[in-house]
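2 protein chains.
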Amino acid sequence: MVELNIVNLLMVLLAAWLGGIFANRIGFPSILGELLIGIMLGPALFGILETSDALNILAEVGILFLMAYIGMEINFKDLGKASWAGFLAAIGGFVVPFALGYYTILFFDGTQLAGLFVGIAVGVTSLATKSRILVDLKLLDTRIAYVLMAGALISDTLALIIFAGIIGFVDAGSVDSIGLAWVAGKAILYFCLAVSIGIYIFPLLGKLLTKAKLTGRTLLFGILVIIVLGFSELAELAGLHGILGSFMAGLFIREGIFSRQVLKDVTGVFHDVSIGFLAPIFFVTAGFHVTLEIFQTDLALLILIIVGAVVGKILGTTLFYLPSGYGWREGFTIGTGMNGRGAVEIIIAGIGLQMGIISQEIFSILVFMAISTTLTVPIFLTWTTNWLKKRGELVKQAARNGYLILGANPLGLYIAKQLAEQSEVILIDYNKDLVNEAYAQGLKAIYGNGLREDAFEEADALSKNTFIALTGNSEINLLSAQLAYNSFYIPNRIVLVSPVEDGAGVNLLDHMDASSMFANKTDLVPWSYKISTHDFKESIEKVNKEITTRNWVKKNSNSKDILPILILDETGHKRPFHYKEIIRPKESVIYLQ
Amino acid sequence: MVELNIVNLLMVLLAAWLGGIFANRIGFPSILGELLIGIMLGPALFGILETSDALNILAEVGILFLMAYIGMEINFKDLGKASWAGFLAAIGGFVVPFALGYYTILFFDGTQLAGLFVGIAVGVTSLATKSRILVDLKLLDTRIAYVLMAGALISDTLALIIFAGIIGFVDAGSVDSIGLAWVAGKAILYFCLAVSIGIYIFPLLGKLLTKAKLTGRTLLFGILVIIVLGFSELAELAGLHGILGSFMAGLFIREGIFSRQVLKDVTGVFHDVSIGFLAPIFFVTAGFHVTLEIFQTDLALLILIIVGAVVGKILGTTLFYLPSGYGWREGFTIGTGMNGRGAVEIIIAGIGLQMGIISQEIFSILVFMAISTTLTVPIFLTWTTNWLKKRGELVKQAARNGYLILGANPLGLYIAKQLAEQSEVILIDYNKDLVNEAYAQGLKAIYGNGLREDAFEEADALSKNTFIALTGNSEINLLSAQLAYNSFYIPNRIVLVSPVEDGAGVNLLDHMDASSMFANKTDLVPWSYKISTHDFKESIEKVNKEITTRNWVKKNSNSKDILPILILDETGHKRPFHYKEIIRPKESVIYLQ
Numbered sequence: 001m002v003e004l005n006i007v008n009l010l011m012v013l014l015a016a017w018l019g020g021i022f023a024n025r026i027g028f029p030s031i032l033g034e035l036l037i038g039i040m041l042g043p044a045l046f047g048i049l050e051t052s053d054a055l056n057i058l059a060e061v062g063i064l065f066l067m068a069y070i071g072m073e074i075n076f077k078d079l080g081k082a083s084w085a086g087f088l089a090a091i092g093g094f095v096v097p098f099a100l101g102y103y104t105i106l107f108f109d110g111t112q113l114a115g116l117f118v119g120i121a122v123g124v125t126s127l128a129t130k131s132r133i134l135v136d137l138k139l140l141d142t143r144i145a146y147v148l149m150a151g152a153l154i155s156d157t158l159a160l161i162i163f164a165g166i167i168g169f170v171d172a173g174s175v176d177s178i179g180l181a182w183v184a185g186k187a188i189l190y191f192c193l194a195v196s197i198g199i200y201i202f203p204l205l206g207k208l209l210t211k212a213k214l215t216g217r218t219l220l221f222g223i224l225v226i227i228v229l230g231f232s233e234l235a236e237l238a239g240l241h242g243i244l245g246s247f248m249a250g251l252f253i254r255e256g257i258f259s260r261q262v263l264k265d266v267t268g269v270f271h272d273v274s275i276g277f278l279a280p281i282f283f284v285t286a287g288f289h290v291t292l293e294i295f296q297t298d299l300a301l302l303i304l305i306i307v308g309a310v311v312g313k314i315l316g317t318t319l320f321y322l323p324s325g326y327g328w329r330e331g332f333t334i335g336t337g338m339n340g341r342g343a344v345e346i347i348i349a350g351i352g353l354q355m356g357i358i359s360q361e362i363f364s365i366l367v368f369m370a371i372s373t374t375l376t377v378p379i380f381l382t383w384t385t386n387w388l389k390k391r392g393e394l395v396k397q398a399a400r401n402g403y404l405i406l407g408a409n410p411l412g413l414y415i416a417k418q419l420a421e422q423s424e425v426i427l428i429d430y431n432k433d434l435v436n437e438a439y440a441q442g443l444k445a446i447y448g449n450g451l452r453e454d455a456f457e458e459a460d461a462l463s464k465n466t467f468i469a470l471t472g473n474s475e476i477n478l479l480s481a482q483l484a485y486n487s488f489y490i491p492n493r494i495v496l497v498s499p500v501e502d503g504a505g506v507n508l509l510d511h512m513d514a515s516s517m518f519a520n521k522t523d524l525v526p527w528s529y530k531i532s533t534h535d536f537k538e539s540i541e542k543v544n545k546e547i548t549t550r551n552w553v554k555k556n557s558n559s560k561d562i563l564p565i566l567i568l569d570e571t572g573h574k575r576p577f578h579y580k581e582i583i584r585p586k587e588s589v590i591y592l593q
Numbered sequence: 001m002v003e004l005n006i007v008n009l010l011m012v013l014l015a016a017w018l019g020g021i022f023a024n025r026i027g028f029p030s031i032l033g034e035l036l037i038g039i040m041l042g043p044a045l046f047g048i049l050e051t052s053d054a055l056n057i058l059a060e061v062g063i064l065f066l067m068a069y070i071g072m073e074i075n076f077k078d079l080g081k082a083s084w085a086g087f088l089a090a091i092g093g094f095v096v097p098f099a100l101g102y103y104t105i106l107f108f109d110g111t112q113l114a115g116l117f118v119g120i121a122v123g124v125t126s127l128a129t130k131s132r133i134l135v136d137l138k139l140l141d142t143r144i145a146y147v148l149m150a151g152a153l154i155s156d157t158l159a160l161i162i163f164a165g166i167i168g169f170v171d172a173g174s175v176d177s178i179g180l181a182w183v184a185g186k187a188i189l190y191f192c193l194a195v196s197i198g199i200y201i202f203p204l205l206g207k208l209l210t211k212a213k214l215t216g217r218t219l220l221f222g223i224l225v226i227i228v229l230g231f232s233e234l235a236e237l238a239g240l241h242g243i244l245g246s247f248m249a250g251l252f253i254r255e256g257i258f259s260r261q262v263l264k265d266v267t268g269v270f271h272d273v274s275i276g277f278l279a280p281i282f283f284v285t286a287g288f289h290v291t292l293e294i295f296q297t298d299l300a301l302l303i304l305i306i307v308g309a310v311v312g313k314i315l316g317t318t319l320f321y322l323p324s325g326y327g328w329r330e331g332f333t334i335g336t337g338m339n340g341r342g343a344v345e346i347i348i349a350g351i352g353l354q355m356g357i358i359s360q361e362i363f364s365i366l367v368f369m370a371i372s373t374t375l376t377v378p379i380f381l382t383w384t385t386n387w388l389k390k391r392g393e394l395v396k397q398a399a400r401n402g403y404l405i406l407g408a409n410p411l412g413l414y415i416a417k418q419l420a421e422q423s424e425v426i427l428i429d430y431n432k433d434l435v436n437e438a439y440a441q442g443l444k445a446i447y448g449n450g451l452r453e454d455a456f457e458e459a460d461a462l463s464k465n466t467f468i469a470l471t472g473n474s475e476i477n478l479l480s481a482q483l484a485y486n487s488f489y490i491p492n493r494i495v496l497v498s499p500v501e502d503g504a505g506v507n508l509l510d511h512m513d514a515s516s517m518f519a520n521k522t523d524l525v526p527w528s529y530k531i532s533t534h535d536f537k538e539s540i541e542k543v544n545k546e547i548t549t550r551n552w553v554k555k556n557s558n559s560k561d562i563l564p565i566l567i568l569d570e571t572g573h574k575r576p577f578h579y580k581e582i583i584r585p586k587e588s589v590i591y592l593q
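Protein chains in written order, with UniProt numbering: chain A, 1 to 593; chain B, 1 to 593.
Treat the hints with care, as some may be off.
Note: identical chains are not told apart, hence a pair may lie in one copy or across any two.
[What the hints assert, rightly or not] Pairs of lysine-lysine, PhoX-like flavour, derived with a Cα cap of 25 Å: (1) K432 <-> K530; (2) K580 <-> K213; (3) K545 <-> K389; (4) K432 <-> K521; (5) K211 <-> K580; (6) K574 <-> K213; (7) K264 <-> K213.
Worth flagging that the hints you see were computed from the coordinates, not collected in a lab.
The shape of chain A in the complex, shown without the other chains (with noise of 0.2 Å):
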């Protein structure tokens, strides 16, 4: 009988949590960081850490896990969403390195499947990786951001796809036309069955908790496991892998199914069990399962395979973004951006080394190559969007567009004229004269609550990037980021904070890591008072040193009574003065007085 050698399992665990920290604090994924810690602690050099039974159970119910999460974390609204630009940019940065490691594995002898297994590896795009890099880069806001976000998708799909298709056969082995159909017959069965059940069978089965009232945490965390379990069983029959099956599971277990609020809950608790405990386990067993030698052995496919990786990826994507007509520059900088490969490329390695299809040489080089690309990601990105900055070709655009504003009060209305001018802006009044007076100004106004969740609703909350809760009640505001927050995940919140909020609002703003709306509190009634009289002047300064918008505020109140509410960078665009911001030397900010 197996047992579970705890100290084994507990070792693991913390050198996957230090070396994830460490990677992370100096601006890595943690990925990069358990993997190197394998290799060093593991049997490739050090030899502290073993393998063993119980890790590698859990370590495969982690990637099981964790392709659900990445398959709950892809929406496809997203996916259909995703531009032309996103496409081409997908396209070329798989297509071109897959080639390339295809042919370099079949130039030094290895089989065809081979060559097709580390082709995808080498295709694969790290998702994890960028989101991170993009906020501190602070890039989010970007066309590139939204580029390399669609790409990372589509080329993960298209990789877990092709993945399909190729391990279909690999049981199969060699065999006529007719097992060949059988084996392509069988996977396209597989997903017609996972579709039908995710859009047909999940809503019934949502409706039939509700109604049987098996609506708890806990209870939905047990089902959701029984669902991307059962997923990757099928899978499984179907000739495919485990993890395409909790990919798919993931992808079907969306809102509507079940609450929000309930499964942004348990979406946490997949979320913490995968990244937090049983992912890393296999991240810093991949690192056991490395060789040094291939430095020796192998070093002219190794330094062709990254090479191929990295220049493939970057080659590909500037080739293949050509027509997007935004130019080769942004194509290389997006090049540079998806040129990271992480969880799902080190998943099909290990099942490609598991199943015998590659070597523990070529995987070793496959460690590397995820290593050596990741820590490429930061250092280029930097360098291609500086020089994108300075040529003043970065362009502006988010995948969540626009303003949610709540309070069509005469400031609101002032500040949302002027968002106007360049995004999309929508505000919610629970005032009906209010919002008639946002439409006789020519904006677009919704009639409703802001505490509640249909308001948001036909306010189209989940396409919003940032919420302004502008009411003269803080309470009300702080309620409304939470529900902004909590349920249409908007990333950007800012709170008009009142001056009789003694701290408490702010510690809820910290806890829901919101901002406050002109940088200091601020009472409503009398700036409303003076715009509806028009006993106001706006003015404009400009700014030549980078100063903090709390600052610029400490700088400026004491001479006069001002409010500043907008800054107006050098291309015109105008964002919201607040507590998180930072004025950059040639922007101005907008203030009342």
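Using the hints, position chain B against chain A.
Here is chain B on its own, set in the frame of chain A:
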């Protein structure tokens, strides 16, 4: 290499899920359904499911997590506050069945060690079983509930300590006195070390993590898993069992180390993962080790153990409870409530089986003992509490006592004064004049912000049973109730909702399982004004037939402008009038007009 057999895991989980839900539906804890379905579908009966290495490993991790979670749920303060009565019940309910179990095994020629193991298993009391039943039987605010909870806590702690004492000697075997001293020394050393780490190192760690900004949920979950496994490994090194370590780790993972909110989230993840996924695997597979042959070969022993368990537990509790002075009937009732055995018993029996201390037959007997005693609890407890109720001996007393009222406005003070006749009441207000007014009226009040944790802490919110938010601002009431719920776990939350609130507030009420004060939307201002100018009359109306508060309001609201504030029961006890209340026959409604 051991591979994960998805279909096996899937079937076990599905079985566990269905069994658990079925048991829940008919009023029993999930573990009962999980054990039964394991026996039914496992080798004992239909042989559809079978154990596997993967299942064993996941189950073992599950037990460690579950014990950690059980530890997390035990509050030192609660243990410290456990009354003399609870202590008596715990001792009596443990010692008598322990002795019966031990001597029964010896009588049947079992080893001393087996006797001790069976003794512990028979002596244990299940915690999870009861809280659900207490809610169903509406006993949560009675002295019985309080004693039951404290008793189960003490009994579990006692059982685990004795288990620790025994397990240390198992590996050592029969050794000389120096060897025994070494075993005992190691165990004591372990406890000292674990306590020191818990008390001194954990807070340091918490500070360090906060300083390093490592406060994310996922990261914290990772480190808690490492801590739990670390404590388990330490326990193993000291010759004790890993579950003792994870239990101790859970005990010390407390507030103060991490922020309340994050800790609540992470505790939730432990709960979901252990109770929703891993532990059910253990309980279903525990059923696999059951043999039904005992009904032929060991029927006498089976019956003796079960009868001894039931009679020993109930009589032991009744006897030892006598010195409390609360009467033998209450002791008997508590005995029937403590009669269930659950997770801890099965875990201990499983360890005994795994270590070869008890045979498969005795293990099977212990499983059936757990099942049958658990079955008795709702039945017996319903009988005995009804019997007490009829005799008028069901004494009210809640572990958490008294009211925390936000808003010391005239209406708040008026209600507070009446509630303070029997219960402890403390008010919070942000207006110093109102706080002083409260003091002048002989009430305890705190000057503080109802949206801040510090005010709640000053008001000793953790010991309060009911939170009433009575400010004129519904949003503040809601936010504050949320804080009361999320950070201070106050079980009852009653919120004044003003008429301007349009459904949203009510939605939020549901979400946080709160009730609306006065069972109706109410405008605070006119009533506060009436009270401060003494322009009102207090009336009282007796109810003859059971009626919900909302129906009472419907019936009475048409005729006159009244505000029902309290319900007065036969014993002269007053409780707030709110939406989720029922007025029973012979109770009265106190209302203003």
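Results of checking the hints against the structure:
no.	hint	verdict
1	K432 <-> K530	within (21 Å within a copy, 33 Å between copies)
2	K580 <-> K213	between (42 Å within a copy, 18 Å between copies)
3	K545 <-> K389	within (18 Å within a copy, 77 Å between copies)
4	K432 <-> K521	between (27 Å within a copy, 22 Å between copies)
5	K211 <-> K580	between (44 Å within a copy, 21 Å between copies)
6	K574 <-> K213	neither (48 Å within a copy, 32 Å between copies)
7	K264 <-> K213	both (18 Å within a copy, 24 Å between copies)
When each numbered hint is compared with the structure, a violation occurs for hint 6 only.
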